[in-house]
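This is what each chain is made of:
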Amino acid sequence: MEVNQSNTADSVNRLMQELAKLPGIGPKSAQRLTYHLLRTQKEYVIALAEALISLKNSTRLCSVCFNIADSDFCPICRNEKRDKSSICVVEQPQDILAMEHSGIYKGLYHVLHGAISPTDGIGINDIRIEELLIRLKGKDISEVILATNPTLEGEQTAMYLNKIIVPLGIRVTRLARGLPFGTELEYADDVTLTRALEGRQELK
Amino acid sequence: MSEPRDYKTEAIVIKKTKLGEADRILTFYTPHLGKIQAFAKGVRQPKSKMSGHLELLTYSMVSLARGKNIATVTGSQTINGFLTIKNDLELTSYALYIIELLNQFTEEGIEDYPLFRMLLDVLDKLSTENNRELVLRYFEVQLLDNVGYRPQLKLCVSCHTQLKPVTNQFCPSAGGMHCPACGRNGSFSYPISINGLKIFRLLQDGNYNTIRRLKITKELSIELERLIHLYIKYLLEKDIKSLTWLEALKRCA
Chain A
1 MEVNQSNTAD
11 SVNRLMQELA
21 KLPGIGPKSA
31 QRLTYHLLRT
41 QKEYVIALAE
51 ALISLKNSTR
61 LCSVCFNIAD
71 SDFCPICRNE
81 KRDKSSICVV
91 EQPQDILAME
101 HSGIYKGLYH
111 VLHGAISPTD
121 GIGINDIRIE
131 ELLIRLKGKD
141 ISEVILATNP
151 TLEGEQTAMY
161 LNKIIVPLGI
171 RVTRLARGLP
181 FGTELEYADD
191 VTLTRALEGR
201 QELK
Chain B
1 MSEPRDYKTE
11 AIVIKKTKLG
21 EADRILTFYT
31 PHLGKIQAFA
41 KGVRQPKSKM
51 SGHLELLTYS
61 MVSLARGKNI
71 ATVTGSQTIN
81 GFLTIKNDLE
91 LTSYALYIIE
101 LLNQFTEEGI
111 EDYPLFRMLL
121 DVLDKLSTEN
131 NRELVLRYFE
141 VQLLDNVGYR
151 PQLKLCVSCH
161 TQLKPVTNQF
171 CPSAGGMHCP
181 ACGRNGSFSY
191 PISINGLKIF
201 RLLQDGNYNT
211 IRRLKITKEL
221 SIELERLIHL
231 YIKYLLEKDI
241 KSLTWLEALK
251 RCA
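Protein sequence lines correspond, in order, to chains A and B. For the first sequence, our numbering begins at 1 and goes up steadily by one. For the second sequence, our numbering begins at 1 and goes up steadily by one.
A portion of the hints provided could be inaccurate.
[To be verified] Estimated spans, in silico, between C-beta atoms of each pair:
hint	chain 1	residue 1	chain 2	residue 2	range
1	B	Thr17	A	Thr173	30 to 38 Å
2	A	Ser71	B	Thr128	49 to 57 Å
3	B	Asp145	A	Ser142	50 to 58 Å
Treat the hints as calculated values from the structure; they're not laboratory data. C-beta atoms are modelled at their ideal positions from N, C-alpha and C, and glycine is treated no differently.
Make the full structure from the sequences, and use the hints.
Okay, here's the thing in structure tokens:
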């Protein structure tokens with residue numbers, strides 16, 4: 001980024017450069033944030049700095065489901081009340097937050113940290129599929145719910161997982177793919193409409 | 001500027017790259033504009049009206065607005081979503097290989113209507129034909145032809161004599177065949193069987209209806225695959241990423 005280096009304090013420059021590395025933050029936003037922090041109370045800035053450091057120092061991946069955790073096991077894997085017989089497979093840790101927000105799923109998760117994407121060179125060994133298979137072989141799992149994104153990559157990952165998990169004798173299901181709430185039918189694409197029609201249900 | 005600000009074109013999505021929070025840069029292959037890139041705003045949000053019409057391997061009618069550096073997608077309507085391909089793991093992988101290959105061998109902004117037709121035709125064939133490998137070989141050879149890398153399969157590239165029905169040598173760096181005599185002193189050439197060369201020539205002649213009636217043994221199919229891939233790798237000077245996946249998939253099948 002192009003900031004006039006000589007006209008301001010070094011530490012201001014330094015922070016601007018660091019902030020500008022963040023996604024979606026350009027030189028002007030970095031500048032605005034820096035000067036905002038400069039004007040805010042010291043306690044707030046210290047709290048922010050500590051939060052940043054502890055983000056890196058005290059988080060790791062859950063050794064079971066690879067969710068972000070602050071100890072060996074993530075809060076969901078630690079929770080005794082969760083249904084241990086079903087695993088919901090998601091692409092990234094943020095997806096768990098979205099699923100949990102709905103509050104309807106009571107089982108466990110597995111985070112793949114990606115999806116199979118042949119054109120980007122991401123194959124089965126680049127995401128946590130092997131770890132999932134090991135998990136399935138060990139415990140009594142009765143259902144695997146494939147909750148990868150309804151994109152081409154997510155679908156491919158789901159089809160591949162289905163292909164290798166079904167022979168293990170475990171029920172494999174896929175999240176329904178249909179019309180999102182709050183949208184209009186006239187804008188729906190063929191793939192979505194076809195699947196919405198195939199998965200239609202009687203109103204309860 | 002005499003060109004209109006807004007325009008519409010048919011397009012097949014051959015590449016997508018994430019950008020920012022919810023946007024994408026898409027690469028389209030179009031009938032009259034060749035390969036173009038466009039900015040698709042907000043297509044990664046669930047409420048996006050266009051996202052389903054702009055997924056990889058979708059044939060759509062898109063509206064674009066010309067921009068300073070890159071056009072912006074303003075609307076999109078699916079013409080053919082290739083659902084048969086998308087519902088099948090193996091077919092999706094084959095199709096991804098096809099579009100990656102096309103992307104690697106083409107330049108932006110060069111109109112090539114025959115190539116567009118061929119892409120549509122091959123995606124169509126992929127969902128209907130039984131011998132998928134053969135469809136792939138057909139596309140590879142025809143694509144090479146189209147972009148100017150047609151290998152010489154009738155004459156020896158060194159001594160220019162007609163090739164005899166014996167085991168000749170295929171040499172990627174020379175762009176074609178060596179007769180046994182010339183092949184001996186040449187480097188990096190690979191032997192090709194008599195039948196292998198025959199099928200290679202038929203693929204080059206481009207009459208798919210003749211080719212599909214042929215009975216091709218597993219060995220022949222593997223031989224051709226290997227040679228054509230060696231040639232493609234020589235031309236591109238890199239690996240095709242989706243090929244690695246395709247091979248991994250074949251191994252686990």
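Margin query: Tell me the hint numbers this structure goes against, listed in increasing order.
Written below: Violated hints: none at all, because every hint is consistent with the structure.
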